[in-house]
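Here is what each chain is made of, one letter per residue.
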Amino acid sequence: MTATLERPPAAARPVPRRPARWAPPVVVIALLLVGWQLGVTLSGVAPQVLPSPLRVVEQGWANRAALWTNTLPTLQVTAVGFALSLAVGWVLATAVDFSPWLRRALLPLMIASQTLPIIAIAPLMILWFGFGLLPKVLVIALVTFFPIVVGLVEGFARTDREASNLLRSMGASRWTEFRYVRLPGALPSFFTALRIGITYAVTGAIFAEYVGAQAGLGIFMNQQKNSFRTDLVLAAVGVSAVITLALFALTFLVQRLVAPWIRR
Amino acid sequence: MTATLERPPAAARPVPRRPARWAPPVVVIALLLVGWQLGVTLSGVAPQVLPSPLRVVEQGWANRAALWTNTLPTLQVTAVGFALSLAVGWVLATAVDFSPWLRRALLPLMIASQTLPIIAIAPLMILWFGFGLLPKVLVIALVTFFPIVVGLVEGFARTDREASNLLRSMGASRWTEFRYVRLPGALPSFFTALRIGITYAVTGAIFAEYVGAQAGLGIFMNQQKNSFRTDLVLAAVGVSAVITLALFALTFLVQRLVAPWIRR
Amino acid sequence: SAGSGGSGPETGQKIRVALDWTPNTNHSGLFVAQREGWFAQAGLDVEFLPYNSTSPDTLVGSGAAEFGISFQDSFTYSKGAGADITSVMAILQHWATEIAVKADRADIQSPKDLDGKTYGGFGAPYEVPKMQQVIKDAGGTGDFTSVTLGTSAYEALYAGQVDFTEPFVAWEGIEAQLRGEPLKSFRYTDFGFPDAYNVLLIGHSPWLAAHPEAARAFVQAAQRGYQLAADDPARAAQDLQDANPGAFTEPELVTRSQDMLAKDYLKDAQGRVGPQTLDRWQGFSGFLVDSGTVVDANGQPLRARPDFATWFTNDYLGQPT
Amino acid sequence: MKISVRDLQVSFGDLRVLDGVSFDVAPGEFVSILGPSGSGKSTLFQVLAGLLEPDAGRVEAASSAYMPQKDLLFPWRTVLDNTTLGLEVAGMPRRAARAKAGALFEPFGLSGFEHSRPDELSGGMRQRAALLRTVVQDRDVLLLDEPFGALDSLTRTAMQEWLDEMRARFGWTVLLITHDVREAVYLSDRVLVLSPRPARVVHERTIDLPHPREVTAAAAVEVELRGALR
Amino acid sequence: MKISVRDLQVSFGDLRVLDGVSFDVAPGEFVSILGPSGSGKSTLFQVLAGLLEPDAGRVEAASSAYMPQKDLLFPWRTVLDNTTLGLEVAGMPRRAARAKAGALFEPFGLSGFEHSRPDELSGGMRQRAALLRTVVQDRDVLLLDEPFGALDSLTRTAMQEWLDEMRARFGWTVLLITHDVREAVYLSDRVLVLSPRPARVVHERTIDLPHPREVTAAAAVEVELRGALR
Ligand SMILES: Nc1ncnc2c1ncn2[C@@H]1O[C@H](COP(=O)(O)OP(=O)(O)OP(=O)(O)O)[C@@H](O)[C@H]1O
Ligand SMILES: Nc1ncnc2c1ncn2[C@@H]1O[C@H](COP(=O)(O)OP(=O)(O)OP(=O)(O)O)[C@@H](O)[C@H]1O
Ligand SMILES: [Mg+2]
Ligand SMILES: [Mg+2]
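Protein chains in written order, with the numbering used here: chain A, 1301 to 1564; chain B, 1301 to 1564; chain C, 81 to 401; chain D, 80 to 309; chain E, 80 to 309.
Everything labelled a hint here was simulated from the structure, so no lab data went into it.
Yeah, the Cβ is synthetic: ideal placement off N, Cα and C, and Gly gets one too.
Treat the hints loosely; a few may be bogus.
Negatives, chain C to chain A, calculated, CB over 12 angstroms [as the list claims (entries may be wrong)]:
#: 1; residue: 104
#: 2; residue: 121
#: 3; residue: 125
#: 4; residue: 217
#: 5; residue: 219
#: 6; residue: 222
#: 7; residue: 344
List time: in silico PhoX-like cross-link candidates among lysine-lysine, alpha-carbon distance up to 25 angstroms [what the hints assert, rightly or not]:
#: 8; chain 1: D; residue 1: 149; chain 2: D; residue 2: 179
#: 9; chain 1: C; residue 1: 182; chain 2: A; residue 2: 1525
#: 10; chain 1: E; residue 1: 149; chain 2: E; residue 2: 179
#: 11; chain 1: D; residue 1: 149; chain 2: E; residue 2: 149
#: 12; chain 1: C; residue 1: 264; chain 2: A; residue 2: 1525
#: 13; chain 1: C; residue 1: 197; chain 2: C; residue 2: 182
#: 14; chain 1: C; residue 1: 192; chain 2: C; residue 2: 264
#: 15; chain 1: C; residue 1: 264; chain 2: C; residue 2: 182
#: 16; chain 1: C; residue 1: 264; chain 2: C; residue 2: 343
Build out the structure end to end from the sequences listed, making use of the hints.
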């Protein structure tokens, strides 16, 4: 390679500008929607089977009050449930990191917990915890705590041995070593897991409403499905997709605040 | 610290011996089971609500033929579905790593895909794909590809910039750089994600059977639930837990073969 | 009598009702009684439990609810397995589900033509024995393939993925008409299969014993609600929708369904709403027990028919007016 | 010219690092670069290796093998496979690459460690492995960023002699960053001295002594260069 | 004795690294360790810092501040916060620790980089930051593994002088691994020379010259030590 370059002093780095950043998803989603609309219109498929996107939007807008009323409880349950999930995930991962005994004892249980089908435990949940917030929150925590734990446990375990040695040479206790090396070292892995977990949180909440709920997007979807209103089911799916996307984006924001050093 | 040590040459490192390794999970699980058994016996709760573990084992054993018949299709669907999920995950993550445009275009779609409730897409799946293997395989792939993609994408993105530079200085193409640096560098993150994904795979398969199946653990659970046989539902849950634990353990084996350098 | 000691029901008696599904026309009498204030007049504080995936048989059987909606088929299995429940009222007097195939299936003229075909079902234990029996009654062998599909069964039927399924004629059946997917259906009883109470109101047996007055008050208010639904389906449909704002986005489905129930299903041969007979119970539940698929609390098939008279009661119903 | 740099300017944010650096390197020439820590020597190499775009200036550089200051051995490859990296990237079959790199383990004092993992090497051994990975690529131009910094004098002398011999044999063009003035004098045809940050070339010295050099003969040059570094 | 090592043996698998190393270090003494690359110097330090259990032998070592050969700056901390690490671990409030470490940025030539991220430093600057992180801990004993390897001669001399002065002022006991014989002679009360792997102490030389030392005065010692390293 014989490269020749002659450039004026440049202050700005070539970061894609706003339209360029937003263009790709907008273009692809627009293409998908147009294709869908055309497909539905041309095939003349019944709206109960597959409504057109225009119909979904139109009917969703017409029923925006009901959608909104049902979005709020789902949001609330998601927030509380995921907060619990984070707390449980951190506590378990930390405990497991400090004690290999606990690690061996708890990991199989945690994996097993992920195989509990809601269908099997829902009756127990209701009998034990009634119809309040609690069972739903527990379902969300159950569905989402596992990625958090795995991400943290593996993040902790991959800490540079030499970095741990440095801390030990400074006379650091296990806890100090954890705080100064293992904890920050596990953050990249944690944020990856957080993004996986939070994606399941909204679906988890909708799912949790099957355990028993007065209102919520899951209830709404079920009602509309039983009334054969596929368009409104999809409108609710759209709402939950938007919520999930927003939460996903939020994790990047949090990451930039909490761990700005993580290179992307 | 003034440490004094005088030790004979020691060949062996202090690795916990077999009984010590297996003791913790066995002890904890035994304690749980005994507590559960006692709780059920003392409270006299109806077996439809919560059967005792002894009863679950006993009835599970009595119905082992039916359990086995229903385990096989679930295993098959899990294997095929997760294989597809891995393939899709790798292809998407690689594509997205090569093209920031694709990354921005596809990531929102992938997140949105995770919010599709099976209840909404099951009818479409049936319409389009019948109720052979395909729709179930697709549901599993849908449920499990996302952790794989996120783990890989973030693993690729966290590649040491200086390592990439080194490869570029050797005249490596983007593809060669990917193969020599980004790919191996992302493996730790991939294996973490694999463990998360594979845990969801069996649950996903059971879930997928609700889309439509002749046999499988999900069908079995549903039938037994409708027959108020909570004991047999839990026996099936136990089987799926064992499968999941085995698959989880398998990931460590694969990791040791594929990427023995990952420190744990 | 026990419990409340024979004086009128304590005011504010709390009663929890477990529904089997999202609110629909099978529940209309309960919502009518609520909207018309009849529960309140009886001094009852009735709460409909929120939608949940737990079977009402389990909820009522464990005392998590005092009353619930059940079906004679599922009731037979949970009662056989030892659930502490009693059927206190028949909501639908007949089978309200039928074997349905697409109307253009010239090859299927009778259930006997279903041999070798594919059934899209819901994973309940009674479906296959029932279908087999109906097919045999119609002259077939009863050999068919069964696929568990849940609520996707209807879509699968329309798409030709399965050959027959078992819809509620007053819900999915009407929806199929509204959608323009005509169905052809066969009544089980036309081929000699025993009739059954498709939908039941059930109560927690210990609670019934302890609170006979409250039980009577509740059942009679519900009965009155269903009576109104049978007499004035339009008003019942309105009450149902008013009680569940936002739940029904297809009003025509509700009114037509309510009309159909009023016409053919809510009243017995004598025009009464609610009563049950031992004959009916022995017919269908006896058939299920005989099929060997009903098991007891220990998982052993019931060997002999139980005394079905202990499974239901008409004692809480009001006298025919 | 193998390398031609004119008026090179590089800044990191507000920090001006290279402030108009200019020099040429002729084919087969061995040029050492001396300069204070943090002056911008590694930055200059990154530009020459095509890894960093300068803010201004004109750079022409033939394709080179670059040894960064950090050793950057990959934990997922054995030491041998780390050293074949450049060859593999260039498309050489794995077996041939291993044979070629393996032959250098003996002179580099690494024999017996072919199949070790990099973190089983000492600091100096890692540095030698990184140097091996660079020179085995047989490129015309070598950019070596402090290749001998972690070596004891004996090992260092051996490596220097090896490099001197090889470049004479193959006519390599070498650009070497070092902090050891004696090393620069011993090896180079020419030495460039950079100023503290922001860096310019403040001194240039052609060394016309025959190879291999006697330490004593070059003492005067050494004193002159030390002076230029003040 | 601040440090007492008797018959120390360390192997990695089949690789025997330390083969009966014995020596003592008196309080306030400055001892340098010379030895071929890969002989086991860093391994010895790891045993002294309590990070590696020897296979046999007797080690007594007072609590020490250890500077490993790799700089190990944490990417999640600014340069300043990396240098306060040892102080924070010892329980010093963050503000006080920052003040204390911050005062050394000027003499270490790092001022202006307090709030940079470690990967924005040059190799030599990273090394100085790691040294700063070690000495600021004010421990009685310092274990320094090649602290000046990546520095140019001027910066190196400045750092050496600083260290010489400080240890005189505070009576630090210092154990230093270096490849620079002149550095060892300039700074040490005593020099130990290790053999190639498996390492033993093959030469020991007490240097009784007054401080600060003239380079010329120590030339004879330098020649002797170079001989021992052969
Ligand atoms: N990626 C970066 N971002 C910001 N500043 C940087 C970056 N890389 C280098 N610098 C700064 O540029 C200056 C020169 O760095 P460089 O690594 O080129 O020095 P050097 O001459 O190689 O020093 P040394 O001899 O210590 O290796 C330093 O002040 C350093 O802090
Ligand atoms: N973790 C390890 N596992 C296996 N072998 C190791 C390990 N650490 C060091 N060694 C080996 O021990 C020997 C001594 O290593 P050490 O790092 O002590 O050398 P050193 O004297 O510090 O060398 P240098 O001057 O190059 O830094 C080397 O041959 C090295 O390969
Ligand atoms: Mg440098
Ligand atoms: Mg070393």
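So, going through the hints one by one against the coordinates:
A Cβ of chain A approaches the Cβ of residue 104 (chain C) within 12 angstroms, the least distance being about 7 angstroms, so the stated non-interface status is violated. With a least beta-carbon separation of about 25 angstroms from chain A, residue 121 (chain C) lies farther than 12 angstroms from that chain, consistent with its non-interface assignment. Every beta carbon of chain A lies more than 12 angstroms from that of residue 125 (chain C), the smallest distance being close to 16 angstroms; the non-interface claim holds. Even its closest Cβ contact with chain A, about 31 angstroms, leaves residue 217 (chain C) beyond 12 angstroms, as expected for a residue assigned away from the interface.
Once the 12 angstroms rule is applied to beta carbons, residue 219 (chain C) is consistent with being away from chain A; the minimum gap is 35 angstroms. Every Cβ of chain A is farther than 12 angstroms from the Cβ of residue 222 (chain C); the closest lies at roughly 29 angstroms, confirming the non-interface assignment. Every Cβ of chain A is farther than 12 angstroms from the Cβ of residue 344 (chain C); the closest lies at roughly 22 angstroms, confirming the non-interface assignment. Between residue 149 (chain D) and residue 179 (chain D) the CA atoms are separated by roughly 24 angstroms; this keeps the pair inside 25 angstroms, and the hint holds.
Proximity of residue 182 (chain C) to residue 1525 (chain A) is assessed by CA-CA distance (about 21 angstroms); at most 25 angstroms being required, the pair is judged to hold. In summary, the hint linking residue 149 (chain E) to residue 179 (chain E) is supported, as the alpha carbons are separated by about 24 angstroms, within the 25 angstroms threshold. Between residue 149 (chain D) and residue 149 (chain E), the direct Cα distance comes to roughly 10 angstroms. Compliance with the 25 angstroms bound is thereby established for this hinted pair. With a CA separation close to 23 angstroms, the supplied pair residue 264 (chain C) and residue 1525 (chain A) stays within the 25 angstroms bound.
Only pairs whose Cα atoms come within 25 angstroms are accepted, and residue 197 (chain C) paired with residue 182 (chain C) is accepted, the gap being roughly 13 angstroms. Note on residue 192 (chain C) and residue 264 (chain C): the hinted pairing holds, with a Cα-Cα distance of about 14 angstroms set against a maximum of 25 angstroms. For a cut-off of 25 angstroms, the pair hint linking residue 264 (chain C) to residue 182 (chain C) stands: about 6 angstroms separates their Cα positions. Proposed proximity of residue 264 (chain C) and residue 343 (chain C) is supported: the alpha carbons are some 20 angstroms apart, at most 25 angstroms.
Hint 1 alone, counting from the list given before, is not met by this structure.
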